[in-house]
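Given these sequences and hints, build the entire structure.
First to last, the protein sequences are chains A and P. Residues in the first sequence are numbered from 1 upward in steps of one, following the numbering used here. Residues in the second sequence are numbered from 118 upward in steps of one, following the numbering used here.
These are computed hints drawn from the structure, not numbers from a lab. Hints may contain errors.
Under the rule of at most 20 Å between Cα atoms (straight-line distance), these lysine to any residue pairs were calculated in the SDA-like manner [stated by the list, open to error]:
#: 1; chain 1: P; residue 1: Lys175; chain 2: P; residue 2: Ser191
#: 2; chain 1: P; residue 1: Lys185; chain 2: P; residue 2: Pro169
#: 3; chain 1: P; residue 1: Lys122; chain 2: A; residue 2: Gln38
#: 4; chain 1: P; residue 1: Lys175; chain 2: P; residue 2: Gln223
#: 5; chain 1: P; residue 1: Lys122; chain 2: A; residue 2: Ser9
#: 6; chain 1: A; residue 1: Lys41; chain 2: P; residue 2: Ala203
#: 7; chain 1: P; residue 1: Lys159; chain 2: A; residue 2: Phe39
#: 8; chain 1: P; residue 1: Lys218; chain 2: A; residue 2: Glu63
#: 9; chain 1: A; residue 1: Lys41; chain 2: P; residue 2: Gln223
#: 10; chain 1: P; residue 1: Lys159; chain 2: A; residue 2: Asn70
#: 11; chain 1: P; residue 1: Lys159; chain 2: A; residue 2: Ser9
#: 12; chain 1: A; residue 1: Lys55; chain 2: A; residue 2: Lys66
#: 13; chain 1: A; residue 1: Lys41; chain 2: P; residue 2: Ala162
#: 14; chain 1: A; residue 1: Lys64; chain 2: A; residue 2: Asp88
#: 15; chain 1: P; residue 1: Lys159; chain 2: A; residue 2: Gln6
#: 16; chain 1: A; residue 1: Lys41; chain 2: P; residue 2: Leu163
#: 17; chain 1: P; residue 1: Lys159; chain 2: A; residue 2: Val11
#: 18; chain 1: P; residue 1: Lys122; chain 2: A; residue 2: Gln42
#: 19; chain 1: P; residue 1: Lys159; chain 2: A; residue 2: Glu63
#: 20; chain 1: A; residue 1: Lys20; chain 2: A; residue 2: Arg10
#: 21; chain 1: P; residue 1: Lys218; chain 2: A; residue 2: Val62
#: 22; chain 1: P; residue 1: Lys175; chain 2: A; residue 2: Glu105
#: 23; chain 1: P; residue 1: Lys218; chain 2: A; residue 2: Gln60
Some chain P residues well away from chain A (every beta-carbon gap over 12 Å; in silico) [stated by the list, open to error]:
#: 24; residue: Gln126
#: 25; residue: Gln131
#: 26; residue: Lys132
#: 27; residue: Gly134
#: 28; residue: Asn139
#: 29; residue: Gln155
#: 30; residue: Glu173
#: 31; residue: Arg178
#: 32; residue: Ser182
#: 33; residue: Ala187
#: 34; residue: Lys188
#: 35; residue: Ser191
#: 36; residue: Asp196
#: 37; residue: Gln198
#: 38; residue: Ser210
Heads up, the beta-carbon is just placed ideally off N, CA and C, and yes, glycines get one too.
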Amino acid sequence: GAVVSQHPSRVICKSGTSVKIECRSLDFQATTMFWYRQFPKQSLMLMATSNEGSKATYEQGVEKDKFLINHASLTLSTLTVTSAHPEDSSFYICSARGVRDRGGEQYFGPGTRFTVT
Amino acid sequence: QQQVKQSPQSLIVQKGGISIINCAYENTAFDYFPWYQQFPGKGPALLIAIRPDVSEKKEGRFTISFNKSAKQFSLHIMDSQPGDSATYFCAASAGGTSYGKLTFGQGTILTVHP
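Here is the structure:
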């Protein structure tokens, strides 16, 4: 149980393009999903929190117009990186917290390796 | 105050030995303390977690020790195996308006030699 998938697992795009990453909870309903980015040999940095049916809450320093987050259903959240630049290259990871979780438990997706050339 | 400080940055252990990773926090509102294991190119996987109402939790070879007064918690891996070689992250979260938001430690790269 508690499986989270991400698609695509790897993406390479040119500067200026926009790319969408999907995060799905496969066997549970996720009221809240989180998006993180992780640079090589560094820890996970929270970018934003999304709740189903409402606007995402972004962490300080994260450009909401650049990283568009949509949480349209209890099993799907998407992150769109708009007008990508090489400095956006990173490992993007989502996590999900279930409806029935007592609190705190998050289950992570496998991550998306995002490279901008 | 939101920081979680993790040490050591890297750890080398012989097969069969005990691996110990420590974390310290300042925010007394934290009430959930998970440990995650991450292999290269993969997402973190929840290993074990503890809440402040207990001082120790054990699951198989993994044990969390929690010291509320010192605001510290640690992960012990007994009988460490080469397959345990990975990066380990401690984390913490609080209730209230920050409900569920995890603050991660800096990570520890564990290498277990055969």
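Hint check:
For the given pair, Lys175(P) sits about 12 Å from Ser191(P) by alpha-carbon distance, which is consistent with the 20 Å threshold. Among the hinted pairs, Lys185(P) with Pro169(P) is consistent with the structure: their alpha-carbon atoms are about 7 Å apart, no more than 20 Å. Simply put, Lys122(P) and Gln38(A) have alpha-carbon atoms about 17 Å apart, close enough for the 20 Å limit, and the pair holds. This hinted pair does not check out: Lys175(P) and Gln223(P) have alpha carbons roughly 23 Å apart, beyond 20 Å.
Pair hint Lys122(P) plus Ser9(A) does not hold up; C-alpha atoms about 30 Å apart against a cutoff of 20 Å. For the hint pairing Lys41(A) with Ala203(P), the CA-to-CA distance comes to about 12 Å; that is within 20 Å, so the pair holds. For the hint pairing Lys159(P) with Phe39(A), the CA-to-CA distance comes to about 13 Å; that is within 20 Å, so the pair holds. Between the alpha carbons of Lys218(P) and Glu63(A) the distance comes to roughly 19 Å, so the proposed pair stays at or under 20 Å and holds.
The straight-line distance between the Cα atoms of Lys41(A) and Gln223(P) is roughly 9 Å, inside the 20 Å bound, and the hint therefore holds. Between Lys159(P) and Asn70(A), the direct Cα distance comes to roughly 23 Å. Violation of the 20 Å bound is thereby established for this hinted pair. The suggested pairing of Lys159(P) with Ser9(A) holds, with an alpha-carbon distance near 10 Å, which does not exceed 20 Å. A threshold of 20 Å between alpha carbons decides the hint, and for Lys55(A) with Lys66(A) the separation of about 15 Å falls inside it, so the pair holds.
Straight-line distance between C-alpha atoms of Lys41(A) and Ala162(P) comes to about 17 Å, which keeps the hinted pair within the 20 Å bound. Between Lys64(A) and Asp88(A) the alpha-carbon distance is near 14 Å, which keeps this suggested pair within the 20 Å criterion. Between the alpha carbons of Lys159(P) and Gln6(A) the distance comes to roughly 11 Å, so the proposed pair stays at or under 20 Å and holds. The suggested pairing of Lys41(A) with Leu163(P) holds, with an alpha-carbon distance near 19 Å, which does not exceed 20 Å.
Taken as a hint, the Lys159(P) and Val11(A) pair is honoured in the structure, with Cα atoms around 15 Å apart against an allowance of 20 Å. Distance check on the hinted pair: Lys122(P) and Gln42(A) sit about 13 Å apart at the alpha-carbon level, within 20 Å; holds. Between Lys159(P) and Glu63(A) the CA atoms are separated by roughly 25 Å; this puts the pair beyond 20 Å, and the hint is violated. This hinted pair checks out: Lys20(A) and Arg10(A) have alpha carbons roughly 12 Å apart, not beyond 20 Å.
Taking the CA atoms of Lys218(P) and Val62(A), the gap is near 16 Å; set against the 20 Å cutoff, the hint holds. A C-alpha spacing of about 17 Å is found between Lys175(P) and Glu105(A), which places the hinted pair at or below 20 Å, so the restraint holds. Taken as a hint, the Lys218(P) and Gln60(A) pair is honoured in the structure, with Cα atoms around 14 Å apart against an allowance of 20 Å. A beta-carbon of chain A is positioned within 12 Å of the beta-carbon of Gln126(P); the least distance is around 10 Å.
At roughly 24 Å, the least C-beta separation between Gln131(P) and chain A is larger than 12 Å, which holds for a residue marked as non-interface. Residue placement check: Lys132(P) keeps its beta carbon more than 12 Å from all beta carbons of chain A (closest about 24 Å). Distance check on Gly134(P): its Cβ is at least 24 Å (rounded) from any Cβ of chain A, clearing the 12 Å threshold; non-interface status holds. No Cβ of chain A approaches the Cβ of Asn139(P) within 12 Å, the least distance being about 15 Å, so the stated non-interface status holds.
For Gln155(P), the shortest C-beta to C-beta distance to chain A comes to about 9 Å, within the 12 Å cut-off, and the non-interface label is violated. With 12 Å as the threshold on Cβ separation, the claim that Glu173(P) sits away from chain A holds: the shortest Cβ distance comes to roughly 18 Å. The non-interface label for Arg178(P) is consistent with chain A: the shortest C-beta to C-beta separation is roughly 21 Å, beyond 12 Å. Against the 12 Å criterion, Ser182(P) stays outside the reach of chain A, whose nearest CB is about 19 Å from its own CB.
With a closest Cβ-Cβ approach of about 21 Å to chain A, Ala187(P) is found to remain outside the 12 Å limit, as its non-interface label requires. With a least CB separation of 17 Å from chain A, Lys188(P) remains clear of the 12 Å interface cut-off, as annotated. No beta-carbon of chain A comes within 12 Å of the beta-carbon of Ser191(P); the shortest separation is about 18 Å. Distance check on Asp196(P): its Cβ is at least 26 Å (rounded) from any Cβ of chain A, clearing the 12 Å threshold; non-interface status holds.
Residue-level check passed: Gln198(P) sits 22 Å from the nearest beta carbon of chain A, beyond 12 Å. Not every CB of chain A is more than 12 Å from the CB of Ser210(P) (nearest about 5 Å), against its label as outside the interface.
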